[in-house]
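Starting from the known structure of chain A, fit chains B, C and D with the ligands onto it as the hints suggest.
Each protein sequence line maps, in turn, to chains A, B, C and D.
In terms of this note's numbering, the first sequence is residues 1 to 741.
In terms of this note's numbering, the second sequence is residues 1 to 230.
In terms of this note's numbering, the third sequence is residues 1 to 81.
In terms of this note's numbering, the fourth sequence is residues 1 to 81.
There may be inaccurate statements among the hints.
[Stated by the list, open to error] Distance ranges between label pairs, derived from CB positions:
no. : chain 1 : residue 1 : chain 2 : residue 2 : range
1   : B       : Gly26     : A       : Pro703    : 44 to 52 Å
2   : B       : Glu159    : A       : Asp88     : 15 to 23 Å
3   : C       : Lys51     : D       : Ser27     : 20 to 28 Å
4   : A       : Pro379    : D       : Glu56     : 20 to 28 Å
5   : A       : Arg423    : C       : Ala24     : 17 to 25 Å
6   : B       : Arg137    : A       : Glu690    : 35 to 43 Å
7   : B       : Ala132    : A       : Gly452    : 32 to 40 Å
8   : B       : Arg123    : D       : Ser27     : 49 to 57 Å
9   : D       : Gly32     : A       : Asp142    : 51 to 59 Å
10  : C       : Ser27     : B       : Asp216    : 31 to 39 Å
11  : B       : Ala77     : C       : Glu77     : 35 to 43 Å
12  : C       : Glu77     : B       : Asp216    : 53 to 61 Å
13  : A       : Arg330    : B       : Arg137    : 45 to 53 Å
By construction, these hints were calculated from the structure, which means they are not laboratory data.
Fair warning: this is a prediction, and the values are worked out from it, not measured in the lab.
We put the beta carbon where it would ideally sit given N, CA and C, even for glycine.
What follows is each chain in one-letter form.
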Amino acid sequence: MSAVSLPGEPVVDVVQARAHGLTEGEYAAIERCLGRTPTFTELGVFSVMWSEHCSYKSSRKHLRMLPMRGPRVAGGPGENAGAIDIGDGWVAVFKIESHNHPSFVEPYQGAATGVGGILRDIFTMGARPIASMNSLKFGSFDHPRTRYLLSGVVGGIGGYGNCVGVPTVAGEVMFDAAYNANILVNAFCLGLARREELQSARARGAGNPVLYVGSATGRDGIHGASLLASAEFDAESASKRPTVQVGDPFTEKLLIEACLEAMKTGAIVAIQDMGAAGLTSSSSEMAGRGGLGIELDLDRVPLREPGLTPYEILLSESQERMLLVAERGREGELAAVFEKWDLHAVTVGRITDDARWRALYCGRVVADIPVASLSDEAPVYDRPAAPPAMPMRVRGTKKRPVAPEPGAALRALLASPNICSRRWVYRQYDWIVQSNTVVGPGSDAAIVRIKGSRRGLAMKVDSNPRMCAIDPYLGAVATVCEAARNVACAGARPAGITNCLNYGNPERPEIMWQLVRGIEGLRDAAIAFETPVISGNVSLYNETEGRAIPPTPTIAMVGVFEDVERRVTQCFKQPGDVILVVSTAPPSLAGSEFDALFGTVAEGLERIDLERERKLIEGLVGCAEGGLVHSAHDVAEGGFAVALAEACFNLDGIFGAEVELALPLGGAAEALFGEGASTVIISAPTDRIEAIGTLFSPLEIRPIGRVSDRARLRIDSLIDEDVRGLMAVYEEALAGRLGAK
Amino acid sequence: MKWGVVSFPGSLDDADALYALREVMGQDATRLWHKDERLMGAQCIILPGGFSYGDYLRCGAIARFSPIMKSIARFAADGGLVIGTCNGFQILCEARLLPGVLVRNRSLSFICDRVIVRVENARTPFTCATRAGDLLRLPIKHGEGRYVAPEDEIRQIEERGQVLLRYVDASGAETDEANPNGSMHAIAGIANERFNVFGLMPHPEHAVEKMLVGGDDGLKLFHSVIESVR
Amino acid sequence: MLVKVFVTPREGILDPQGRATEGALRSLGFGGVNSVRVGRYIVLDIDAPTKAAAEEAAKKMCEQLLANPLIEDYRFEVEGA
Amino acid sequence: MLVKVFVTPREGILDPQGRATEGALRSLGFGGVNSVRVGRYIVLDIDAPTKAAAEEAAKKMCEQLLANPLIEDYRFEVEGA
Ligand SMILES: Nc1ncnc2c1ncn2[C@@H]1O[C@H](COP(=O)(O)OP(=O)(O)O)[C@@H](O)[C@H]1O
Ligand SMILES: [Mg+2]
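The following block holds chain A by itself, in its conformation from the complex (with noise of 0.2 Å):
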């Protein structure tokens, strides 16, 4: 069958399909796969869906890569989002998402909207939302937006989470100038379900109705501002599109509870939420992945506002609908639960055998298009990659040349905004409700506990965009290596894993190599670690006047507990515990926090030795396994130094610490605030140093010194100072500068 153009709608030609986005190429491959010339509606269907965000035609070939199975891989790959199995019956449904530019262009509603958006992702997979977390990235602190999106992002993260009752657990904020003109707003949801509930999104059985439920259809988030110039024909309905989508997290929270509770009836077949591309993509993938076709009426689907054209409808991202394909003759079953929770389910469609991706409006067939070429048969590109003549370095203006004596710059490293306390930030997110947090914000990893069970689950999000500016693939490894050590400190064993790559221009080489050896970082950090890629997103083209950011992915790492009384926390907890460092490698002020607030000359990275890494990560869970330890604390940002101050702020008791290293006087910056390796800071009672030793070999355990109950940090004659200064410090450093309380 053929389709038709509406009267009035733009002529469709080469011009119009630039317009919209698409390359010449593209234009004739989209001829070829029709046979004819497609109408304005199936132009903008395919737009939309051969555009980067939907078919991911740069990345998909090197995404391959990535080890997405495993003894654990309980479903994913294909799917609105991937799940593991953490035991019991139970799987832990997981996946991060960005919303980075909707962020900058709106701070409030384009962070809640990413919330929103993520939560439906692992609802529609049939698990209920139990924790979510973000990773932020803003401009430098002083830049004069830099506020403004930090107080609308954070307050749209809360806004929206905390009204749909998702505990924030975790997450992490960073303000770098590489990102004045872009920032990186990535959430994160992790939702649970039994193992037989599992939902799919691959439709079944041809003459099945497709219903529709949620908010209404309106002209929110339509792209193409370029196009509309070239149609007069909706230049007044243009005027009326929102440049900006608002999300309704009251809605979220009715479409949560009705849509599990539809599940359980089992007459839904398959479900997917209108993400980006809204009724086109879920319909035209829920389709595909059943090899089968699917016929919208679009007379049928619920209207905000009346007169919204057929290509409008395909295209809006209105938020919170979802898209379900039912049982014939249980619709009823379906709509009365729906009706409970006062939404409505709307038959807007119905499986067809012919597999294609069939529009109907006002008795014509808009669009006809084959599934296949919809999803499988998107263009995929191999793009040059090549690396850049010089490696580009993210850094922080030479405050001065040389640093200051150690305690001074101990202090300004707890108040720079990279590091102090976020209690700011996450005091906004409620981390309390659904009665399972264990550990929120504010330690090195989350943990919830799995009510009915023994079990817990530990989690963490992180980056770290200056190694990877220096290189993008050590930079990536020592991302995974970082989130599986938060994980590991808690006493989780690493199972999983979910990526968000935040990147530049793609069609320029030097960023193709960039992902590209990004992509193999998170690669070969996954196999060693065994845990899979289970799910992940890409955001490319994130620059502005031509200037990239730096090359971020972004790693978030859930472990399991088997009995999560066993967990550990940062925090020293028993005067005369001895301390111990593990460490892989020696630390480098290469991209480190020092080096960005006092501009040292730093040196390349040293290279990571995985097999190490693997070592660590084992020996921190035997430790916990084992109860062998009181307190296991990740040295992050600001080095050793640092993560030793962080381990005295114990709210219930501040400790000190007595620490000799035998440091040179004078080339001490390394070994105090050098980042980069891999290091964990240690305490137990001293009758279990042996025993910890054997667990972490090959690695050396070295004892440096002890807890003590006077609240002073000590690391021989450099630093000698108040830990509870150094909290105050920490605590006040981000609600000072943003003169809050």
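Structure of chains B, C and D with the ligands alone, referenced to chain A:
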């Protein structure tokens, strides 16, 4: 004893209250649906925290009109025990079952934290298992928890001992820093004149298990109710 | 008919939002700002036989739902028809 | 001078608050409610030499702080003096 926990559209802590009552305290607790009018023989009814109707317009303003609220008003008038935590507190105020109202936090932002409250009046069904002056560590999580009422009303509330919980610091002293949201008289929880309706911003249902971030000081309040009923 | 409802914080009742806005305006360099009150503006399109009927309905809506008499004052205008 | 600012959600922009209020009014038995939009009503008392100057200032305040041009429309009236 028999408890009822109300679920409004947008309620969040209803599941947590049910979990606390059933799994942790072994109580007999049922979920009460907002469209329903039956109270299922509950001896104490909890209006949970959350964002009923998205907290749109004013917190609790819309939930107040749910069918179940009619029955609850009658139940309260007959002396039945009603507890509203957080959003539940806001709903009770909007429904005029409690005096005063809760407005935006002084900081204008949402606050999730652990606070310390001092028991001001232990001779009520909600606090009888505590002693006046006891300090409880409880979680709060709200954007609109600032208690306000006309001064003369506040004076009466104070005189009649209707203030059950007040925000204080670790030493038990009332300080400005210890008052997280700027509530008048640092009020964290109040009862009605008959002491059978209790509203508080802190979340006792999130303070019933040592293992979790909320600790377990909330148990004292639930045990009070259980004692007072038997 | 078009009903415009104006809800404002009661005199004497603290208005943190107003105070914050006032501060923000000052820090943006706006001089001579003596006071700022922030309230709600609600626009309803309702069917009513007569203007009087619309006013009747609007009054009820305000008293029952749109404003909280404890802390807010309201005012409304009926337009059209 | 008294400046009254009316901020409303932009045409075509989702207004969850308005929708919820609409639903509530219906279930309260108010018939014939066709639509409800909920916005902000801001009353400022500012010093300004002339009405024109006050309008000038009000416009700036709306654009810079009081309204979010991406999702809201604004209108204002200057009174007094
Ligand atoms: N945006 C955020 N949301 C919630 N928690 C956060 C956020 N940013 C940081 N945190 C918490 O603050 C603590 C320090 O963050 P981070 O420095 O990234 O930890 P680490 O140094 O172990 O990587 C962690 O507990 C983290 O979960
Ligand atoms: Mg980190």
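Outcome of the hint check:
1. B/Gly26 to A/Pro703: 44 to 52 Å: The hinted range 44 to 52 Å holds for B/Gly26 and A/Pro703, with Cβ atoms some 48 Å apart.
2. B/Glu159 to A/Asp88: 15 to 23 Å: violated, 55 Å
3. C/Lys51 to D/Ser27: 20 to 28 Å: Holds, since C/Lys51 and D/Ser27 (Cβ atoms, about 26 Å apart) stay within the stated range.
4. A/Pro379 to D/Glu56: 20 to 28 Å: With Cβ atoms ~53 Å apart, the hint is violated.
5. A/Arg423 to C/Ala24: 17 to 25 Å: With a Cβ separation near 23 Å, A/Arg423 and C/Ala24 satisfy 17 to 25 Å, so the hint holds.
6. B/Arg137 to A/Glu690: 35 to 43 Å: holds, 39 Å
7. B/Ala132 to A/Gly452: 32 to 40 Å: Cβ of B/Ala132 to Cβ of A/Gly452: about 38 Å, so the range 32 to 40 Å holds.
8. B/Arg123 to D/Ser27: 49 to 57 Å: For B/Arg123 and D/Ser27 the Cβ distance comes to about 40 Å; the hint is violated.
9. D/Gly32 to A/Asp142: 51 to 59 Å: For D/Gly32 and A/Asp142 the Cβ distance comes to about 55 Å; the hint holds.
10. C/Ser27 to B/Asp216: 31 to 39 Å: Violated, since C/Ser27 and B/Asp216 (Cβ atoms, about 44 Å apart) do not stay within the stated range.
11. B/Ala77 to C/Glu77: 35 to 43 Å: holds, 38 Å
12. C/Glu77 to B/Asp216: 53 to 61 Å: For B/Asp216 against C/Glu77, whose Cβ atoms are near 54 Å apart, the range 53 to 61 Å holds.
13. A/Arg330 to B/Arg137: 45 to 53 Å: Holds - the Cβ-Cβ distance for A/Arg330 and B/Arg137, about 50 Å, lies within 45 to 53 Å.
Of the numbered hints stated above, those contradicted by the structure are hints 2, 4, 8, 10, listed in ascending order.
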